[in-house]
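Trainee: So the protein lines, in turn, are chains R, C, E and W.
Just add 5 to wherever you are in the first sequence, counting from 1, and you've got this note's numbering.
Just add 4 to wherever you are in the second sequence, counting from 1, and you've got this note's numbering.
Just add 91 to wherever you are in the third sequence, counting from 1, and you've got this note's numbering.
Just add 1271 to wherever you are in the fourth sequence, counting from 1, and you've got this note's numbering.
Please note: incorrect hints may appear among the correct ones.
Said to hold, decoys possible - Derived pair list, reagent style DSS-like, types lysine-lysine, alpha-carbon separation capped at 27 Å:
id	chain 1	residue 1	chain 2	residue 2
1	E	277	W	1527
2	E	165	C	532
3	E	257	R	181
4	E	246	R	181
5	R	159	E	105
6	R	181	E	277
7	W	1329	C	532
8	E	239	C	550
9	C	532	E	236
10	E	239	W	1527
11	W	1424	E	236
12	W	1329	E	105
13	E	165	R	181
14	E	165	R	166
15	E	246	W	1468
16	C	532	E	246
17	E	257	E	105
18	C	532	E	277
19	C	550	C	450
20	R	159	E	236
21	E	239	C	532
22	E	257	W	1329
The hints are simulated quantities; they were obtained by calculation from the structure and are not laboratory data.
Predicted model, so just to flag it, every value in this text is computed and none were measured.
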Amino acid sequence: MSELTRTPNAGRPLAALGAARHAEAILAAILSETGADGFHVKGARRVEGQVQADSLHSFAAAMKSRVGFEHLSAISCVDWIAQGEFELVYHFWSYRDNCLVSAHVRIDRAIASMDTITDLWMPASFFERDIHEFFGVVFQGNTDLERYILTDWKGPPPMRKDFVSRDFAHEHFHYKDYEPTWDEMIEGGYHGSRGKSGGAE
Amino acid sequence: MYTQALLFLPLIGFGLSALLLGTARRHQAILKTVALIGFLAIAAAAALAGPETGSLLQGPTLFGSPLTFGLTDLSWYFVLMVAGISLLTVFFSIGALRESGSYPMYYAWLFAKVFGMFGVVLARDLLSFFIMWEIMSWATYFVMQQGRQEAKTAALGYLVYAIVAGMVLLGGVIMLKQSTGSFDFDVISKAIKGYDLATTVVALVLILVPMLIESAVYPMHGWLPDSYASTETSITAYLSSISTRIGVYGVVLFVFVIFGIKVVDSVGFSSHLNLRSILLVLAALTAVLPTYTALFQHDAKRLVTWHSIGQGGYMLLGLATASTLGTAGGLFHIFNHLTYVSLIVFSIAAVEYRTGTTNLNKLGGLITRQPLAFLGMLFGIIGLAGIPPMNGFVSKWFIYRSLILGGYPFIALAAFIATVGTIMSVYKLIHNMFLGQLPERYNDVKEVGFWMQVPILILMAVVLLTGVFPGLILQWVARIQTIMGVAPIAYTLSGVQSSAGDLNMAVVTIVFISCIVVAAIIFLIGGKRRIVSQYDNYAAGHFLNKDVPYNFNYHFYSAFEHIFDPLYQAAPVKTTERNLGRLVRITGDYIRRFFTGQINTYAAYYVAAIIVVLVILKGVL
Amino acid sequence: MAEKELTQRSAWDKVLANLRKRSLWMLHYCTGCGAVELPPTMTSRFDMERFGIMPMVTPRQADILLITGYLSVKTLKRVILIYEQMVAPKYVVGFGSCTINGGMYWNSYTTIKALDRYLPVEMYLAGCMPRPEAIITGFNALIDKIAKGEANSWKDYYENYEFYHKNQQHVFGDIETHHDVTDDGKYFRVVEATR
Amino acid sequence: MNSGLGLIVWIIAYPFVSFFLGVLLGGYGRKLTARIQRRVGPSWIQPFYDVVKLMSKKTNVSHGYMHDVAMMMLVGGTLLTMYFVPVPGFHYFSQFGDYIVIMYIMLVAPLGMALGVGQTANPNGSIGIARALEMLAGYEVTFVLTFIGFAMKAGTTSMYDLMMLQQSGGIATWGIITNPLLGIAALFALQGMMNEKPFEVIVAPHEIATGPMTEMGGKYLGMMFIQHLINLVVELTIYMNLFLGGALNWFEYVVKLFTLFTLVLVVNAVYGRFRTDSALRFFWKFPLPMAALGVIFIMWNGK
């Protein structure tokens, strides 16, 4: 691992990390270390801001090594179909300051590609595979974007807003239609599912 | 007349197969037929021979007394066993030794070994006993070093023990010759009765220790596991079934026939703390500790060799009780052990012949590919564990009863602990080799050929037959007991009738078979059943196929390993051997310093020696 | 075929059915949220062991396969493997509205909507989730069906295996369960050779 | 019932009597455990229903011929042990085999099961069998030491003679009264021998999917149930013959059977499950030294 990715607080007990900084100090630290100015304080322990897609990787590396946010708790994705964009939100967490910094990145919805940060955090590959499976965002540099939740899925990425779950379900699965003569069938004894229930083949 | 035949036939065989050495590479068949005919002749001679009391074969006179050989009941019992197992081993090796010339001297050394063993068993005087003992030790060394590379180093380990045993035996022989004035057994046994405690103790110890080394009794067993496990598998079967039992013959011969049990009992401090009780404790240790070491083994052959040490402990246990039942159990156990341990090792050889490995962690599921080897192994392990209706049970029954009724409760407990250890390691053996999932690489394994199947079938029949009708062997055991000076056992064809609890193996087997038939009827009343593939198995909803490893072989007895691992790592014998090796190396270094190799140092030694001699002479004069 | 089955049951079948109904071993495959209803049914509050019903661990030993909740396509593959590993006569009990018609997840893109198109379901326990009393009445109804000899849905799987297999393939393609169901049907004479 | 026609009839009827007794014992056991857990519990002859259901299964799954033969060895071995254990009025076979024979015949059934489970090629089964054999070194060694003490004192290893010795003076000469140490140690061993908690690690349902019974379905499980039920009767009878003075009439026999089983069941109902090595350590720390003490006591005042 290059010097850049070595975490300053690794190995030292939490208590020895020094007093927890409150949000404004963190905001200043982010500005000085990473030069990202689009951030603002959202709450006592929440900081939020915009980051450009291409500068995200360096921002994340700086957050991890210099600003003391060693933990990438999640990457989530929002589908702004109206603007034709995906919004990737990277949540960084600091053990020392108990504070969450979330960086919002906008990428184009049609191209839907972003470079990976698995070299900084190995577990990030799970978040990236999840987003790839459900939104179709391709993460450059992530070697195994293999599907692991919907293993036999053949349809489009299901979490996209243009995917209508009900129509897909109606088309692919068989429903048991409501049968007004339902009660006679029960009293009349049950002769196997194939017999009475209707439904599209 | 048969004594001469039994001695000269192996010699002729050895000569012939040695002569054929040159042709062995090209004409393996000729060598094998010669060996087969030779061993058939030996077996015939052994079978026809009976205990001849009269004609003693007078060999060449040496040190003033002739080397005499004769056939008694005791020696005939062993002669039969040696001849039988040698014939079966040759049968097996004809099928097993496939690439011609891998072991050119295989049959020659086997003949030599048989000659040595016959000599030891037929000897009627101490000198011929010692000479034949040395020949047997050397023959064992040469037979044993045929195998993988570590077989050669392990055989050297055996040789060290054998030489030590030989020297101690020589000391005993000389001591007895000085005190009784003759080598002949009968003369010695009459004379020894009148001797004082000191000489009998020393003579007895000097004679007994080599016997215990040869039969791998506990502290002196270090050589056996490595040497037996790394030789050619058919040799392992041969050695572990009969080679170590010559030591037990020696114990019976000297403790019972020559010295007499009363003399041995008198050696010691009180009726409880005499030589026999020491033998008993040693035998109990030999029965228990090797069986639990066998649990930890990953190699099938090594597991069985540890068991052959353990079973040797059982034989000594039976003999050391010196009661009718005990000695009968011990002697019968020699025969039983011979049958089922060779059966097990032949099955292992059959598996090794096809799969090429005996590593228990790599095998599995071979029951569908090699059913006969499985059946042979099954009969063998039921015999080894001593479960009715196999013969191993009958001799263990004798030993238990003699120990319990003879007032040795904790020795009986040790014997049972050994049985539990045997059952555990024996199930691991058959489970890891034949049961469980069949690995993909053994899919096209087939059964072994005719030559290897015949010995397995014969031994299976013998193990079952002598289990159901132990009387067949007990008749010889009773005759031997009369020579040993112990009341012979009252036996019937299928067991023993006595006031203190009886055994009728025929009835047990009949009831056993009828119960199984009843169970079969109950089973067949149930619905139809279909044999499914091994991948149709419960795996909590997971889909099984050939590249999902789904076999449990490694660390089979994890609870035992969890408890006994520290004890097993500090195995005393291995550490003592290592320290001995280091000691020899250090002393070797010091001695080397004297022989510097320059002439002048040697000249200086001469001058010094002359001066010393002069000083002594002047002093004397 | 089912009608012939009911009328010509021999006296011995009747006796056997009445004995067999008293011992039902249940493998509850906890796919959804219904599993939490089982513990009170088994323990002292409702004690279903009174009827000889006992939870069992592996499919080989079980008679009832209790599917307690929604079934995603991925879980359906495992459920079918377990169903085929069970020893007939076996009864699938669909538990809760999710197995009847998709229940709360009726518009989901991954859950199956009707269990009986993939497995012959013997009985449904309606409810989201059915309470222990419903479970016990359901099981008693099943016991009566077994006593009357009507609980033969397991034969349906052998007789109409193409129907079930086609639906399964439609949903998740082919799986290797090491069972040739049609061949088993002929071997165990569940399916008359003539058909 | 020891000679002629009565013997033949009894030999044919005895398995059914023993099976029926086993069913009653099994039903009583499940009823008692339920009552301890404040439940109603199944019917008194629930094991009979289970066996009938299992044996009437239609599509049984086998893993090979050894799997089938093993089931026959399993039930056959237990039936064989049953014939050799003396019961009130029937000790015909005691003249052919003493307790050492019985002790080894009892190993035939577990060996048969072990081979069958081995062929089902399921690791859960193999782990279960490995544990069963390891537990053997715990309880069986203790039980044998108690028997050795008795046999040495009585000078005979035939179970029928040992039983008759205890009958001579009524309760005063029961095994457990004359040697309490041996009796109590054997009680611990009985708990292990009957595979009841706390020594039930062999069939741990959640951990190794009921161990040896994982791949046993339909009539295979039926055969194991039949064996288990007869085994209940046999093992309780062995303990009763050695330590509770055996029984000469059937009423005394059934009463002793059920009281002894109640003791075992109560312990089973309230205890959790030992791990294998902790169970072995328990056996080697308490019951084994207790039995050894009992034997030393016998040797000390016996000689």
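Trainee: Indicate, hint by hint, whether the structure satisfies it.
Mentor: Hints, one by one, checked against the model:
| no. | hint | in the structure |
| --- | --- | --- |
| 1 | E:277 x W:1527 | violated (51 Å) |
| 2 | E:165 x C:532 | violated (33 Å) |
| 3 | E:257 x R:181 | holds (17 Å) |
| 4 | E:246 x R:181 | holds (22 Å) |
| 5 | R:159 x E:105 | violated (50 Å) |
| 6 | R:181 x E:277 | violated (31 Å) |
| 7 | W:1329 x C:532 | holds (6 Å) |
| 8 | E:239 x C:550 | violated (44 Å) |
| 9 | C:532 x E:236 | holds (24 Å) |
| 10 | E:239 x W:1527 | violated (41 Å) |
| 11 | W:1424 x E:236 | violated (62 Å) |
| 12 | W:1329 x E:105 | holds (16 Å) |
| 13 | E:165 x R:181 | holds (21 Å) |
| 14 | E:165 x R:166 | holds (24 Å) |
| 15 | E:246 x W:1468 | violated (40 Å) |
| 16 | C:532 x E:246 | holds (16 Å) |
| 17 | E:257 x E:105 | violated (35 Å) |
| 18 | C:532 x E:277 | holds (12 Å) |
| 19 | C:550 x C:450 | holds (20 Å) |
| 20 | R:159 x E:236 | violated (41 Å) |
| 21 | E:239 x C:532 | holds (23 Å) |
| 22 | E:257 x W:1329 | holds (26 Å) |
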